[in-house]
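2 protein chains.
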Amino acid sequence: MLKIGIDAMGGDFAPEAAVKGAVMALGEVGADCRILLFGDRERILAILAAEGCPAEKFDIVATTEVIEMGDHPAKAFQSKTDSSITVGFGYLAKGVIQGFASAGSTGAMMVGSMYAVKPIEGVIRPTISSVVPTASGRPALLLDVGLNVDCKPEVLAQYGVIGSIYAEAVLGIAEPRVAVLNIGEEETKGNAQTKATHELMKAEGDAGKFRFVGNIEASHIFSGKVADVIVCDGFVGNTVLKMAEGLYRINKALGVDNPFWNSMNYEMVGGTPVLGVNAPVIIGHGCSTPLAIKNMILSTVRCAEADLAGKLKSAFNN
Amino acid sequence: MLKIGIDAMGGDFAPEAAVKGAVMALGEVGADCRILLFGDRERILAILAAEGCPAEKFDIVATTEVIEMGDHPAKAFQSKTDSSITVGFGYLAKGVIQGFASAGSTGAMMVGSMYAVKPIEGVIRPTISSVVPTASGRPALLLDVGLNVDCKPEVLAQYGVIGSIYAEAVLGIAEPRVAVLNIGEEETKGNAQTKATHELMKAEGDAGKFRFVGNIEASHIFSGKVADVIVCDGFVGNTVLKMAEGLYRINKALGVDNPFWNSMNYEMVGGTPVLGVNAPVIIGHGCSTPLAIKNMILSTVRCAEADLAGKLKSAFNN
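Sequence order for the protein chains is A and B.
First residue of the first sequence? That's 1 in the working numbering, and the numbers climb one at a time after it.
First residue of the second sequence? That's 1 in the working numbering, and the numbers climb one at a time after it.
Do not rely on the hints blindly, as some may be mistaken.
Examples of chain B residues toward chain A, derived with CB under 8 Å [as the list claims (entries may be wrong)]:
| # | residue |
| --- | --- |
| 1 | Ala192 |
| 2 | Glu199 |
| 3 | Ala218 |
| 4 | His220 |
| 5 | Ser223 |
| 6 | Phe260 |
Rather than coming from a laboratory, the hints here were simulated on the basis of the structure.
Idealized CB from N, CA, C, for every residue including glycine.
Can you build the whole structure from these sequences, using the hints too?
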């Protein structure tokens, strides 16, 4: 039996949105998967009752504290020992659950990832990634999207390994094409960082670590024609993601309505996986709706079902 | 009388597209502006005749060579002394024309800008910029868009001055808001480069050099809500521009049709101004259509009419 933990207290509209999202997810996760809700038992039960959902469909882990957005992430993670996030990470670190997701404090989620679950041995710096839609209909993975800026080429080259494993195991893309985001197709193009990264990743590709296809220009991030895994510095990845969000909002205001742009909606994205740590952790958008929470839960389940963490550990401990 | 030079031989569809674009521009430039066409006299005359445009509407500067896309830019600029680009830059450097534009070899245009027209004294590194549309209907200026990567903060701070002058003089935006593209609104956010740039630009803003409004996140590049001049490293700016191009193409394929996305079309953009050199130089897209050429010519005229180069020289030689 797979067990997945959800922070019922995380997000601007918690616990309502989180619990409703969990109820929505119920119909889509298999019978061999159990969802644990971490949070205020009475409030969770009240929402389940209002939704007409039997409480026994979930395991409720009662917690009494909440890490608020204004809290100092590291301090709150340590001092609020009975917070939904701290308790959730405790379960995850002990292996009671095989994945944990929250739309709450991103900072506290990162603290839990780095200090409770911990980086996989051999991974220089864990990363946060984003699944982006492409015009081809197939998703692509962009990483890093904001955790690590001024990345060393060695760090980016590892993201090729991590991204490739994620794309294959979780997104179901066979032999994913891995590329470096760069400002030209030729390998001599770019800044100091991307030139060095290209060289390293080419060598790793030649060594069979992943299918390296070279540079990808930003014009092709969303075309799906060049790569399934797009590696970049966190500054650049964050810029790409925020620019997409901004254009999505403009399009929405303009009444643009088509499957490509609709799938750009953060609600459909399923949260941001923290990759390179010892167990699946997914961070949701603060303003997550029930639909966004549902998709975040499904992402977490897929990571756990695919034994993503186990695959990453094998890759870095050969 | 203002004189503007156009490379009739530049671009994938030259000389037809270039000459047709010049004819289209005729109706929109004032009577006190004369367009000089640099290129193959016979072919230019034939196209003008076919367009039903009297040849005396233009001055034709007959040249016999063309710098091709495959040529080494610096070598060709020197050896093809009778090429339309080399001759055009000769006219520009001597002040016979007050602006020069081409959709031909970008490399040769940069060589001409740097070695014939030369950087303005005090400008560390000239820059290439792009006018981008915003949802507010007002354009914004993004710089650098690919000439300089791994920029020092001092270089980026100068782009605040250059961009501010361009936005005011050429785009007609009073007291333009200048921002650094960054991954957070707070001044402590960013990578080493943007943090240092923020600090420098804040000091320059306080000193009255331009109206500094702080950081802008990529979600607001196209909203128009935060800034009119957006300063960034060439790697990031090029990524933003190419991503916009890619999404424009996806939208076009999806049938999205609205004024915002239509104005994202490179044909409407009017080319890429090279800024920080002693005279206006505009580089057009290689695949420029007559409409794109027309807008490139109008941009060049606006730069010349506004005495952009004179204003930049004053700013850097105080």
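Okay, the hints, checked on the actual structure:
1. Ala192: 6 Å, holds
2. Glu199: This hint is violated: glutamate 199 of chain B lies away from chain A, its Cβ roughly 16 Å from the closest one there, beyond 8 Å.
3. Ala218: 4 Å, holds
4. His220: 6 Å, holds
5. Ser223: Holds - the Cβ of serine 223 of chain B comes within 8 Å of chain A, reaching about 6 Å at its closest.
6. Phe260: Hint holds; phenylalanine 260 of chain B Cβ to chain A Cβ min 6 Å, cut 8 Å.
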